[in-house]
Structure formats: C-alpha cells, structure tokens
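**Student:** Here is how the chains run, residue by residue.
There are 2 protein chains.
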Amino acid sequence: MLLYDLVNARRAHFSPNSWRVRMALLHKGIPFEVKDVLFTDIPSLGSGGDKLTIPTIGHEGQLITDSWAIVQHLDAAFPDTQRLLTPASAPVLKFFQYWAQTGLHGPIARLVLKDLHERLDPADQAYFRASREKSYKTTLEELQAGREDRLDAFRRGLQPMRLALGHHAYLSGEQPGYADYLAFGAFMWARTSSPFELLAEDDPVHAWRERCLDLYDGAGRREPVAI
Amino acid sequence: MLLYDLVNARRAHFSPNSWRVRMALLHKGIPFEVKDVLFTDIPSLGSGGDKLTIPTIGHEGQLITDSWAIVQHLDAAFPDTQRLLTPASAPVLKFFQYWAQTGLHGPIARLVLKDLHERLDPADQAYFRASREKSYKTTLEELQAGREDRLDAFRRGLQPMRLALGHHAYLSGEQPGYADYLAFGAFMWARTSSPFELLAEDDPVHAWRERCLDLYDGAGRREPVAI
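Residue numbers (this note's numbering), protein chains in the order written: chain A, 343 to 569; chain B, 343 to 569.
Everything labelled a hint here was simulated from the structure, so no lab data went into it. Quick caveat, the model's predicted, so the values are computed rather than measured. It is possible that some hints are incorrect.
Copies of one chain are not kept apart here, so a pair can be met inside one copy or by any two copies together.
Claimed, not checked - Capping the alpha-carbon separation at 25 Å, the derived lysine to any residue pairs in SDA-like fashion look like this:
no.: 1; residue 1: K377; residue 2: A561
no.: 2; residue 1: K393; residue 2: G508
no.: 3; residue 1: K370; residue 2: R564
no.: 4; residue 1: K476; residue 2: L505
no.: 5; residue 1: K456; residue 2: E490
no.: 6; residue 1: K370; residue 2: P429
no.: 7; residue 1: K479; residue 2: F496
no.: 8; residue 1: K393; residue 2: H509
no.: 9; residue 1: K476; residue 2: Q501
no.: 10; residue 1: K377; residue 2: R353
no.: 11; residue 1: K393; residue 2: L505
no.: 12; residue 1: K476; residue 2: R498
Let's have the full structure, built from the sequences with the hints guiding it.
**Tutor:** Below, the structure written as structure tokens:
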C-alpha cells in the first residue's frame, strides 16, 4: 500500500484530502508507505491517459485517486477492518464532506493560503501561485489580507461541530471515524501551512483537535508544524 | 400512538421539530393520531412536574418529549420497522441536526417569523411575540425587515445540501431518511407560516423539497400553506 502525498519545503504533509486517507489507513491498521511528491511532479505520475490527483494510493498494481473513492476501496478491499462508510452513514458523511469543503476549507483558504505558498518547495511556488490566483481571481496577498477580521466569523461557523462535540468526544461518537478525519484534514492543512491560530484555547473544537492530534501515536502531532 | 402538535389559525401544523417526528412515524408506518394544541395549551399538558414541549408523543401510557428522544424511542420500541438512527449514522445525524438549527432554522426565522406570528391563533399571538422578542432581543417586525437582502446568503448557505443532492435523490441516499426529515421540517415551518419563497425553482434543493412534499401520500403537500 503506497500513499502518494504532497510535501512542502519542510517535508510536512499538508494536503487536507490526503490527511483523510492517511487517518483512514491508520484507523484500519493497514500498513502503508508514503511517496512524497511536489505539485510539479504530479503530471508525471501514473501512466498514459490517467489523470492523477493527490491523494492517490497504489494498491496491488492499481492506482486509485480521490479521497472518497479511496476510502470506499479500503472498506471493500479490507473487509476485516473497521468500516468507515456504512450504507446508512455514507450519504450523511457525503453531506459532511461538502460542509467541510464550504465551512472549513473555504474560509481556511482565506486565512492561510499566502502562508502555505511561502512554505512550499521553491519548485512548486510559481505553479501554486498561478493556479490559485486564477481560481480565486485575486492575489494570494489580497486573499489573506485582513484575516484577523474574518476569524470570528470562521469560529462562529464551527457552531454545529461545537454543539455536536457536546455529546461525544468525537464527531463520529465516542470513537473517531470518518467525519472526524474529514474535519481534521482541514485543520492539519492549516497547522502545517501557517502559524496563524484558528481556534481559541477554551473552544471544545480545540479540545477535539488535540484529541485527533494524539490519535495513532500522534500521527498528526508528529508532522512538522509551520513556523 | 398520539402526537401532540402545534397548529396555527388555519389548523396548519407548523412546528419544524414536530415534522421530524411526523415524518419518522410515516417512514416507519406506525399509525398515529394527532392532538392539536396551541402554545398556550402547553403548560396544562402532562401531569405534575413534567415539563413538556412540542413535539411530545404519548405511547403506552408514557409521554416522551424532544424529537431526538422520540426517534430513539421509536427505533427501540418498533424494532421491526426501518431504523432512522444507527450506531454509525446517529452521531453524524446529530451534527446534521445542529447544522439544520444554525444553517436553516436560524436564517429562516429572520425570513418568516413575523408572518408566522400573523397566522397564529389569536390566543397564541401575545405569548409568541413576547417570548420571541425576548429571545431575539428585537421586535418581530425588525427581525424580518429587509429579508429580500438576506435571501441570497441563505441560499448560498444551502450549498452543502445542494452538492450532496448531486449524488442522490435524498440526503439519506436513494431513499429518504432522518437527515431529510430534519431539513424538511425547517422548510415545512416556512411553508405553513409565510408566502415568502425561500428557493429558486431551478435549485436542486427545490426539486428535493418537492420530492419530500410528495412522500407518504403527500403528507407535507396536504398541509395548509400560508397565504
């Protein structure tokens, strides 16, 4: 089992969608190796017409791309491990993934993306700036400017997570599950990319993030943080 | 099985949390009768120190209040019916309930609550105005004023629902489930309380709402709409 994952200049794995897969593999206890890549390596991965994105896994000669497809594959290919998606939970987890995309990734990008760029391998910086500035229709500097003024709104937007965490230690119940990994990926993206602190220390979401950092021998905590 | 439910002056059942329970009963095929009540009747329901809220069900001599507790009870008391909460899905559905509370109920209140008040039974109007104006710290008129300017933001906030509905007919998959009833309750609350249209006709959320209105012989569609 091989996980293709992006690294920055400090060799920190910063891709939020890769963290979903990494935590899924750890959750299931599936041994894996990591193949570090840069953005500018991606076009040369795979063979022929396959268009790969990160995360991709290599498993038994097959390359599988897209975090949701990878988790579905892991559930099917390792039936003796703990499932992450059940027929009853998968559609609601799909909603949760979209909530993470709009409620976490969207605002976090505007809080840390310039910092992330500065910490990339120099070989990746021009590509990253050009692609993101095209997609956001503004410069990275403009995108991140005034972030202090947007922090309260971001934290207010976490209210459904905060209230759910009033019932259980994790979003998935007393044990962590895929909802946690979906949200945790967004926070690992920020942690490895920027020293800007997203959460107040007395926020239940902060305590949850600490618990997630400790999971699986501190897999998240051992990752180099942005300084 | 008796469902205590609120009605307005047109005898429309408008409580969003009661719609969750009503749809849950219909989903499971459990026959039930409805006891219509006004807000001002609630203090005289129950006996002794029990503080009831709506929805409440009466089942085998027991009164059970709170929509989540009711659905848990229905799953346990009718094991041969289709479950609405499974161990894997319940925590994520709890998150979804909080998302509905913050992302649907919150903004919808600011779009329709004055209209709702106007359609209440006259016996309920003074209580409703006083309690809501205290809780929102403003008049119902001020709360709803300028709603046209907030409609776009409300619709943008539905983006995770809209994206999830790109995969399945319902939020719960190809068949409706509790995530749908949680969200549908909010839309029934608006529909029975105000002629103000929340959704654009070409919105996938609109098509989903139409499907939900048709469920169970059009239980939602048969309810008197606000005019």
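**Student:** Taking 25 Å as the upper bound on the Cα-Cα distance, should K479 and F496 be classified as within, between, both, or neither?
**Tutor:** Answer is both; intra-copy 21 Å and inter-copy 24 Å each pass.
**Student:** Reference check for the pair K456 and E490, CA-CA at most 25 Å: within, between, both, or neither?
**Tutor:** Within one copy, since 14 Å is at most 25 Å while 35 Å is not.
**Student:** State whether the alpha carbon distance between K377 and R353 is at most 25 Å within one copy, between copies, both, or neither.
**Tutor:** Intra 11 Å, inter 64 Å, cutoff 25 Å: intra-copy only.
**Student:** My question is about K476 and L505: at a cut-off of 25 Å on alpha-carbon distance, are they close within one copy, between copies, both, or neither?
**Tutor:** between (36 Å within a copy, 23 Å between copies)
**Student:** How would you label the pair K476, Q501 (within, between, both, or neither) given a Cα cut-off of 25 Å?
**Tutor:** between (31 Å within a copy, 22 Å between copies)
**Student:** With 25 Å as the alpha-carbon cut-off, assign the pair K370 and P429 to within, between, both or neither.
**Tutor:** Both: 18 Å inside a chain and 18 Å across chains, each within 25 Å.
**Student:** Is it within, between, both, or neither for K393 and G508, if the alpha carbons may be no more than 25 Å apart?
**Tutor:** Only across copies: K393 and G508 sit 23 Å apart there, 42 Å inside one copy, limit 25 Å.
**Student:** For the identical chains here, do K476 and R498 meet the 25 Å Cα criterion within one copy, between copies, both, or neither?
**Tutor:** between (29 Å within a copy, 22 Å between copies)
**Student:** What label fits K393 with H509 when the C-alpha limit is 25 Å: within, between, both, or neither?
**Tutor:** between (42 Å within a copy, 22 Å between copies)
**Student:** Please work out whether the CA atoms of K393 and L505 approach to 25 Å or closer within one copy, between two copies, in both situations, or in neither?
**Tutor:** between (40 Å within a copy, 23 Å between copies)
**Student:** Between K370 and R564, at a C-alpha cutoff of 25 Å, which is it: within one copy, between copies, both, or neither?
**Tutor:** Within one copy only: 19 Å inside, 48 Å across.
**Student:** Between copies, within a copy, both or neither: which fits K377 and A561 at Cα up to 25 Å?
**Tutor:** within (16 Å within a copy, 55 Å between copies)
The structure fails none of the hints (numbered hints given earlier).
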